[in-house]
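Just need the whole structure built from these sequences, with the hints factored in.
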Amino acid sequence: MNEDQARLVGRVLGTVDSTPLEFWVALEPGRSLQLDDVVATVRRPPGGEPVSVYGIVSQVRARYEGARFDSDVFLIEDGVLPGEVCEAAQITTTRVEPEVFIPPLPGAAVMRAEGKDRDQALFFDGMDKRLPAGVSRSGEPVFLNLEFLDGTRGAHVNISGISGVATKTTYATFLLYSLFNSGVLGAEALNTKALIFNVKGEDLLFLDHPNIQLTGQDEDRYRSLGMPPGPFASAAFYAPPRTGDRNAAPDVSSRSRGVTSFFWTIEEFCHDELLPFLFADAEDDRQHYTMVVFNVAAQLRHATPIGEGGVNIEGEEVRTFRELVEVITSKVQEGNEWAGPAIGLGTINAFIRRLYGTIRPLERLIRGDIPDAPGHRVRLEKQVTVVDLHNLPDRAKRFVVGVVIRKTFEEKERSGRARPLLFLVLDELNKYAPKEGSSPIKEILLDVAERGRSLGIILVGAQQTASQVEDRIVGQSSIRVVGRLDSAEAERGQYGFLKGAVRDRATILKPGSMMVSQPEIPVPLLVEFPFPAWASRPSEAGANPAAMDEPEDPFEGLPSS
Amino acid sequence: MRFAIETWAPEYGAATDHELPETGATVDAEIERDLDGWAPIAPPSLDPPPERILFTDGVRRVDAQVWIEDGAASCPGICATFAAGAVLCDGRAEVVSAEVRRGLFTAAPQAEAIRCRHVSYPVRSAPSGDPDVLSLALQQRMGELEITLAAAHDAPLVIVDGPLRGRQSVPGAVGYIKTHHVSYLQGAQEQVVAALGPGQRTPVFLMMSSWSRFSWYLRLPGSIGHPWAGVVRCEASADHETSDVIALADAVAAALPRFSSKPHKDPRAPQNLYPIAGLERELRRRLGDAALLYRDLRVAAA
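Just so you know, the protein sequences line up as chains A and B, in that order.
Each residue of the first sequence is one higher than the last, beginning at 349 in the numbering used here.
Each residue of the second sequence is one higher than the last, beginning at 2 in the numbering used here.
In case anyone wonders, no lab produced these hints; they're calculated from the structure.
Since the model is a prediction, treat every value here as computed from it, not as a measurement.
Every residue, glycine too, gets a C-beta built ideally from N, C-alpha and C.
Some clues are possibly wrong.
A few chain B residues that face chain A, going by a derived Cβ cut-off under 7 Å, partial list only [said to hold, decoys possible]:
1. V88
2. V96
3. F260
Some chain B residues well away from chain A (every beta-carbon gap over 10 Å; in silico) [what the hints assert, rightly or not]:
4. Q187
5. E191
6. G198
What follows is the structure, given as C-alpha cells:
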C-alpha cells in the first residue's frame, strides 16, 4: 500500500451538490473521519494547473443504505433485510490553492491532510509568527497568527462561555503562558507584560507555583507545542487590604506570602480625579448628578497634601475615605462653588446619597493612614501582574478596574511606543462595558479596544455572553474564542462566525476545549489546551523558591507598637 | 449498423408478465397425505430454525425499443438491462452477489452491438421479432444469470423468486410464487388452502405438465382479508425423494414467516419477502438511470 492509499479516506460523493466552499465525501469502508479532521483533494481542470482544495470536516453522518423506513433498522439488525452502512463527511473548504474556485468533482479521491498539507489547509504555512493555541482532537498543534494579536494586522482576544464550564480564564492564562514561553515573541518576551484581573476565587494567586498534579502526559503536550511546562517565571500579586486592618494586610486566605495589598491614597484620589470612577454604574449614567461629580472632582484637585497620603481641604485634615466623604458633603451643601451652578437641592441630595453608598465598599481602598503608600501601588514590574478583585463588591471592582486601566493606558500613551506589548486580561466584560449606557470605565475600555492596537495594549476580554457586551469591543477583537455556550446565547448574531454544526457543538463543549476563530481561517478550530502547568489552588501548588523568599519587611503585618 | 430508437417510451408494448398459466397441469395430491387426510399442517418447531437461507431474484428493464434497419425493411429489437443477485441471510442479511448485464435482443441477422457513451448493449439473438418473444428471451437471460449466481453460494435452502422452471438444478432450490392465476387444486383440497392458518401449509402435491415438480401452498402471517390472502405457492424439484421434499416443505414453512413483509412497508405484503424486496431495490439501483441510458441510446442512433 503506498502512502496515498494509506491517506485516502473517501471520495467526493455526487448525490449532494459539490461546491467550491462545501462538499460531501463518502468514506471508504473501514476509514473514518471525525469533526475537525483536515482533508485535501485535487482538481485538475483541463489545460490548467492542478487546484488543491483543503477543508475541515464540519459534519459526519452515517446511514443505512437500503432502508426506507425508520423501523427497517430492526429488520436489518435482525438479518432479514439487506442494508449497508455508509458514512459521509461534510467538508467546509478552508483554502483553495491557487485561488480558482471550482468544485471538487464527484469521485475525486480525498486524502487526510497531514504535516505540510495540514499546515497549508490551516494557513499555518504562511504564518511567520505562530502562537501555539492548543492541540486539535487528533493531537496536532493549532496555531494563531501572532500578527492578528500583536497589533500588526489586528489585536485583541474575546472569549465567551458559560461560567465554570467554559474555562475562559484558564484559557486566557494559557495564551499568556504560550506567548511568554513559546518563543513567538523572541527577545521581546522578557519585557512584555500582562495585567490580569482576578474576578473569581483565588485561582490566579498561584501562577508562580508549579502544578504538582501535572502528569507526564500533560508535560508532553506542552513540549509538543514547543514550550516547557512550568509556572509563570515572573509574577506579582496584589489584593485589596483586609477590612479594618490597620496595617492594610492583603485580604487573601489561601496565600500568605508574596501578595501585596493595593490601595490609593486620598491624595491620589484627589489629584488624579478618581471621583468619577465611583459613579460608574449603569444607573449612575441616567442621573443628573454627573455634573456635580465632575465639579467636585475639579475642586478636589486643589487639596493640599499633608504627607502619608492625607490631604488638607480648605483647612480640614482628611485621612480616611469616610472623612473625605463628610468633607465633600458639607462642601456641596454649603453653596454653588463645589456643587456647580444652578444645581437643585434634589440633585445634590442624590449625589450625597450615592457618595455615602460608596463608603462601605471603598473605605479600605482609598485611605491616607498607611505610611508606605507607594509600596501599595499596583505596578507592572513583573511579567505578570495579578490584581485580585474577587472579594470586592461590584462598585469597588469597577473602581479598581477603571482606575488601574486608565493609569496603565495613560502610561502607555505617554511612553509613545507600542512595544513591548501589554496584555490586559479582564473577565466579566459585561460588567465593565455593558451593551447599554456609558460610564467612565466603558469609555476607557473602548479606548483600549479602538486605540490599544496602535498603543500596544492588547485586551484579552472574557464574558459569559458576548451579546451583553458593547459591540464595538467584541467587534474589535481579531481572535474570538468560545467555550461552552448556552444554547439560546449561541443563536445570537455575535456568534455569526460559528456556522451550522459548529454552533451546535459550542453548546456541548467540555472544559478544556475551545473553538478558536481567527481572521485567516474561515472556520473556527476546535482546540484543547493542556492542563495548567501552574497551580490554580493551594492543593496543586508545588514549592516555589521565589515565593519562599523572605518578605522585605519580616515584621509586616504585626502591630507596630 | 443503422438503427432508430422508438420514440414511444420503452414501457409501451412490453409484455409485463410471462408466467403464463399452465392450465393443462395434472395434479397428484396423494404424495404426503391421502385425499381424505388433507388438512392444514402446522410447521414443526425447528430448533434451531433454518440458517443460511439464500434468496435470489432478478430484475429487468427495457431501456429502449429499437428498429434495426435492413435496407428498406426494419427489424424490431429491444435494448434491455437486466440484473440478478442473491441475499444470504445468515444472522445478517447481505447482498452477496449482484450482477448487471445489458443486451440488444433482436432477431435481425445483421445486428451489431450498440455502444453508447456510458454502456454498450451486446447482441443477444432472439428467435423472432415478436415483442413477446423478445421479452421472453430477456427473461431467459436473466434467469440464466440468476442460476449462475445462486449456484455459486453454498446454502441448504435457496428461495428463488418465481417458478422453479429452469432452475431445478440448483441444490436446495425452492420456487416461490406470489400470485395465483389458476387454482391447481380442486374441491375439498382447494378448501384446505382457504382454511390455512398463518404459518400453515397444505400437504405436498406433485404437479405434472410440460415439466414436473412438487408443490405446496403456504399462508404467511398477516391479516386474512380473503380466503387466499397471504398465500404463496412453493415449488421443489421432482427429483427429490418424497421424505426429503416433506422435510423441505417443513423447513420452508418454519423459515419464511419471519421474512414476510408488513403492508405499510410493501404493497405486495406479506408475500413479497423483505430480503427479496431489498435485493430488488438494490438491483434496480444498479441498473443505472433509465433516462440517462435512453438519452445515450438516442445519441448513439443519431
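Query raised in the report: Are V88/B and chain A close enough, Cβ to Cβ, to be under 7 Å, as the hint says?
Result: Since chain A brings a Cβ to about 5 Å from V88/B, closer than 7 Å, the hint holds.
query: Hey, does G198/B actually stay past 10 Å from chain A on C-beta?
result: holds, 22 Å
**Report entry** Supplied contact hint for F260/B, tested at 7 Å Cβ to chain A
**Finding:** This hint holds: F260/B lies near chain A, its Cβ roughly 6 Å from the closest one there, short of 7 Å.
### Query
Beyond 10 Å from every Cβ of chain A: is that where the Cβ of E191/B lies?
holds, 32 Å
Was Q187/B rightly flagged as not at the interface, with every chain A Cβ beyond 10 Å?
Answer for Q187/B: holds, closest chain A Cβ roughly 36 Å.
Report holds or violated for the interface hint on V96/B, using the least CB-CB distance to chain A and a cut-off of 7 Å. For V96/B, the interface hint holds, since the closest Cβ of chain A sits about 5 Å away, which is under 7 Å.
When held up to the earlier numbered hints, the structure conflicts with none and fits them all.
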